[in-house]
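Protein chains: 2
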Amino acid sequence: MTFVAEALGLTSSAVKRLEEKRILTKAFIKHPFFRDVLDALRLGRKFGGYEEGTLIAKTVEGLEIVSGYPKIRRALTLYPTIKKHFSGDVVLEEKMNGYNVRIVRFGENLYAITRGGFICPYTTEKARLLLDDTFFKDHPNLMLCCEAVGEESPFVPKDVYGIDKIDFFVFDIRDKKSNEALPIKEKERLAEEYGFKIAPILAEVHVSKAHEVAKDVIEDLGRRGREGIVIKDPEMKRQPVKYTTSTANCSDLSFAFRFFGEYGRDFMFSRIIREGFQAFELDDDERFEERCRRLGEAILKAMVESIREVSEGKRIYDKMRLRFYDLEVFELFKEHVKRMGVNAEFSEPVEDSDGYVVWFYRLMKSTTDKIDFILRGNLWQ
Amino acid sequence: MTFVAEALGLTSSAVKRLEEKRILTKAFIKHPFFRDVLDALRLGRKFGGYEEGTLIAKTVEGLEIVSGYPKIRRALTLYPTIKKHFSGDVVLEEKMNGYNVRIVRFGENLYAITRGGFICPYTTEKARLLLDDTFFKDHPNLMLCCEAVGEESPFVPKDVYGIDKIDFFVFDIRDKKSNEALPIKEKERLAEEYGFKIAPILAEVHVSKAHEVAKDVIEDLGRRGREGIVIKDPEMKRQPVKYTTSTANCSDLSFAFRFFGEYGRDFMFSRIIREGFQAFELDDDERFEERCRRLGEAILKAMVESIREVSEGKRIYDKMRLRFYDLEVFELFKEHVKRMGVNAEFSEPVEDSDGYVVWFYRLMKSTTDKIDFILRGNLWQ
Numbered sequence: 031m032t033f034v035a036e037a038l039g040l041t042s043s044a045v046k047r048l049e050e051k052r053i054l055t056k057a058f059i060k061h062p063f064f065r066d067v068l069d070a071l072r073l074g075r076k077f078g079g080y081e082e083g084t085l086i087a088k089t090v091e092g093l094e095i096v097s098g099y100p101k102i103r104r105a106l107t108l109y110p111t112i113k114k115h116f117s118g119d120v121v122l123e124e125k126m127n128g129y130n131v132r133i134v135r136f137g138e139n140l141y142a143i144t145r146g147g148f149i150c151p152y153t154t155e156k157a158r159l160l161l162d163d164t165f166f167k168d169h170p171n172l173m174l175c176c177e178a179v180g181e182e183s184p185f186v187p188k189d190v191y192g193i194d195k196i197d198f199f200v201f202d203i204r205d206k207k208s209n210e211a212l213p214i215k216e217k218e219r220l221a222e223e224y225g226f227k228i229a230p231i232l233a234e235v236h237v238s239k240a241h242e243v244a245k246d247v248i249e250d251l252g253r254r255g256r257e258g259i260v261i262k263d264p265e266m267k268r269q270p271v272k273y274t275t276s277t278a279n280c281s282d283l284s285f286a287f288r289f290f291g292e293y294g295r296d297f298m299f300s301r302i303i304r305e306g307f308q309a310f311e312l313d314d315d316e317r318f319e320e321r322c323r324r325l326g327e328a329i330l331k332a333m334v335e336s337i338r339e340v341s342e343g344k345r346i347y348d349k350m351r352l353r354f355y356d357l358e359v360f361e362l363f364k365e366h367v368k369r370m371g372v373n374a375e376f377s378e379p380v381e382d383s384d385g386y387v388v389w390f391y392r393l394m395k396s397t398t399d400k401i402d403f404i405l406r407g408n409l410w411q
Numbered sequence: 031m032t033f034v035a036e037a038l039g040l041t042s043s044a045v046k047r048l049e050e051k052r053i054l055t056k057a058f059i060k061h062p063f064f065r066d067v068l069d070a071l072r073l074g075r076k077f078g079g080y081e082e083g084t085l086i087a088k089t090v091e092g093l094e095i096v097s098g099y100p101k102i103r104r105a106l107t108l109y110p111t112i113k114k115h116f117s118g119d120v121v122l123e124e125k126m127n128g129y130n131v132r133i134v135r136f137g138e139n140l141y142a143i144t145r146g147g148f149i150c151p152y153t154t155e156k157a158r159l160l161l162d163d164t165f166f167k168d169h170p171n172l173m174l175c176c177e178a179v180g181e182e183s184p185f186v187p188k189d190v191y192g193i194d195k196i197d198f199f200v201f202d203i204r205d206k207k208s209n210e211a212l213p214i215k216e217k218e219r220l221a222e223e224y225g226f227k228i229a230p231i232l233a234e235v236h237v238s239k240a241h242e243v244a245k246d247v248i249e250d251l252g253r254r255g256r257e258g259i260v261i262k263d264p265e266m267k268r269q270p271v272k273y274t275t276s277t278a279n280c281s282d283l284s285f286a287f288r289f290f291g292e293y294g295r296d297f298m299f300s301r302i303i304r305e306g307f308q309a310f311e312l313d314d315d316e317r318f319e320e321r322c323r324r325l326g327e328a329i330l331k332a333m334v335e336s337i338r339e340v341s342e343g344k345r346i347y348d349k350m351r352l353r354f355y356d357l358e359v360f361e362l363f364k365e366h367v368k369r370m371g372v373n374a375e376f377s378e379p380v381e382d383s384d385g386y387v388v389w390f391y392r393l394m395k396s397t398t399d400k401i402d403f404i405l406r407g408n409l410w411q
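From first to last, the protein sequence lines are chains G and Y. This note's numbering numbers the first residue of the first sequence as 31 and each following residue consecutively. This note's numbering numbers the first residue of the second sequence as 31 and each following residue consecutively.
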C-alpha cells in the first residue's frame, strides 16, 4: 500500500503496522461503478491528525485524502453550555436524522463516503443522480458534508421529512483534506449557486439569548418528530455542538430496545441520561409526567414487540425499502453490506416507474436468539 | 497463610498466587469483638469448588471453612421456566429485600458473614443479640443463611417489613462447609424449635400450576412493595430460582439512576430487560400502560432529583440510620466500611433507650462530579 505511505507521509512499515492492527482497512469494492478509484483504504480510528473515517484513495487523477467527519460533541443542557462554548452570534441549524456522507469527485464521477470511510454504492448512485457535479469541477478541493435523508435509506429510514426516496441536505462544505469548514454564509451562497438543499438554518441569535431560542426550537422540532439542532459559530472557527429532542432520544431507545441483543448498553444509557438533563432543564410537572410515560413506553413497547414476535416463531429484523437504478449497483451493495458484517437478506428487485425497489432485511440474530432462549424457559445469567 | 493451604488442601505457593491475584484477601479486622478468630481470609471469586465469598478462618477451636452463598439464577418468565427446572411440587418462598448473611458460631460467639465473605461488625453485633446460639451448639456443622432486613440496615434499608431496627429471616439452613441445604420442612422445624424467624413460605404447589400461583403471588407482593420469590425444590436437591416484582425492578432502577455515576450499566440494563419479559407475560393493555409510566418515572424522577440537588450545591449521598449497642463496634464498623472502599461519613452517635443511633452517609462522588461537570456547561463525551 505504498500510495498510503506516500499520502500520509509514513514509512511503508508504519503503514503495514496500521494494517495489521486493522486501523487501516479496505474502503471499497473494486468495480467499474467505482472506475475512478484504483485503490482506497480507510482509517478505523483517529490517527496522526486525521479523523476516524478518513479515506485515502489512489484515483485515476492521483492521490486523494478525504478527511473523516469530526465527531460533534453534545450539550446535555442548553444553559450555560451554549454560552460557555461560543461568543457573539450562533447559528441554530437543524440536525437532520439520516446518515452522514461526504460527497467528493474523483476523476469523472461523484463518490459518497459514509461516516466510517467506506465508499457506499447505494449512496454514490443517488449522489450522481441528484447532485450537480459542476460544483466539484469549480471547487476541486471541497467536499459536501450531507445528511442523506428519507424513507429509502439503508441505514436510517425516516418518513418525517416528506421524502419518499432519498435526498441530500448539505450541512457543511469543507476542505477535503484539511477539513476546514466554510463560513455558514459561504455555504449558503454556494448551495444556492449550485442548487443544493441545505439542512434548515432555524435561527441566528446572540449567544446570550441562544438557550432561550433553542428551547423553543427544540420543542417545536420535537413536536414535528425531528432530531435536534447543531449550534454553530457562523464563521465555523469553533467546534459545533449538538443537542437533541426528546422525540429523537426516545426513538433511539425504541430502536435499541427493539434490538436489545444487538445494541450496546452505552447507547441506551446515554439516551436515558440525555432525557434526565432535559427534564431537569425544560420540564414543568405536566411535561415531566408526559416524558416519563414517553420514556417508559419507548423502552418497553419496542422490547415487548420483539418478544411477542419471537413467541410467534418470527425472527427479529429491521426492514428497509431501497431503490436502485442499476441492478449492478444492487449487486455491489449486497457485497458491500456483507463486508460490513451485516446479516442481511434482500427481496427480489421489482421494477417501477423509477428504477427497482428492493426490501433490505437486517437480521437481528442476537436479539432473536436471546429472546428465544428465555422463552424456552432457560434461566438468565 | 499456612492455615489456608491446610484448609483448602493447597500448596503454600498456590495460596500465595491466590493472594497476589487478590482472589484471596483479608476477611476481618483483628479486634477483641472478634476474639474467637485468629485469622480469616475470603475468596473473591469461585475457586476449586468453593463459591465466591467463602470464608477460611483460623479460630480458637481450629480451622473453619464457611462456604459462600451460591448465586441463585433468575427466571425472566414464570412459564415455562418453573416447569422446566423443577418437577413434582415446588415451594414459593418470599425473597426478602435486605442483605444476605451467613451466621455461624466460632468458639464462644456468633459471627455474621456478608455475601462477599467479610465478617461484618454491625451484623455480628445484631446476630449475637437476636439469635439463640444453642442452635449452633446442637448443630456445629450448620449455618443459618439469613436475610438481614429492616430500616436500620447499612446496606439495604427498607421500611416495607415493619421492622424499624433490623432482624434476621432464615431462608436456608446449610452445611457450613459442603453448602448442602436442609429440606424446607427440616428448616421450618429447626427454626420453630430455636425460635428463628423465616422468610415467609407463600405456597407449595405442583409444578404444573406453579406459574399460575406465582403470578398471583408476585402481583400481591408487588402491591405490598416486596421484592419477589425464590422457587425451591422442597428437598433442596435442585438449585432454587428467583423471580422479582416490578416494584423491586423499578426500585432498583430508581436507586441506580439516582446514583448513575456509581452504578453500572449492566445493573440498569438487566432490570429493564426483566420488566420487558414481565410485561410480555403478565400485562393487559391497562397494566402495560401503568408499567410504562412506572418505569419511566423510576428512572427519571431519581435522576432529576440528583441533578436538582447538585444544582443547589448539594452533594449526592445515600443515607442510612444505624444503631449500635457498643461504641467499640461503631469504631470497628467505620474501619470495616473504609476497608471496603466506601466513601463514608458518620454523624456523632446519639444515645436513646436502646443503644446509640448513628447516621451513615455514603457519598456518591462520581454522580456528584458528573452532574456538576455538566451543569457547569461542559460537553458530554
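Hints listed in this document are in silico derivations from the structure and should not be mistaken for laboratory results. Heads up, the beta-carbon is just placed ideally off N, CA and C, and yes, glycines get one too. Please note: incorrect hints may appear among the correct ones.
Stated by the list, open to error - Covered stretches of chain Y (chain G as the covering partner; in silico rule of three or more C-beta atoms under 8 Å from a C-beta of chain G):
1. 113–122
2. 286–298
3. 349–355
To be verified - Examples of chain G residues lying across from chain Y (beta carbon under 8 Å, computed):
4. Ile53
5. Lys56
6. Ile59
7. Lys60
8. Pro62
9. Lys113
10. Tyr293
11. Leu312
12. Glu316
13. Arg317
14. Arg324
15. Leu330
* Asked: What are the numbers of the hints the structure violates, in ascending order?
  -> 3, 4, 5, 6, 7, 8, 10, 11, 12 and 13
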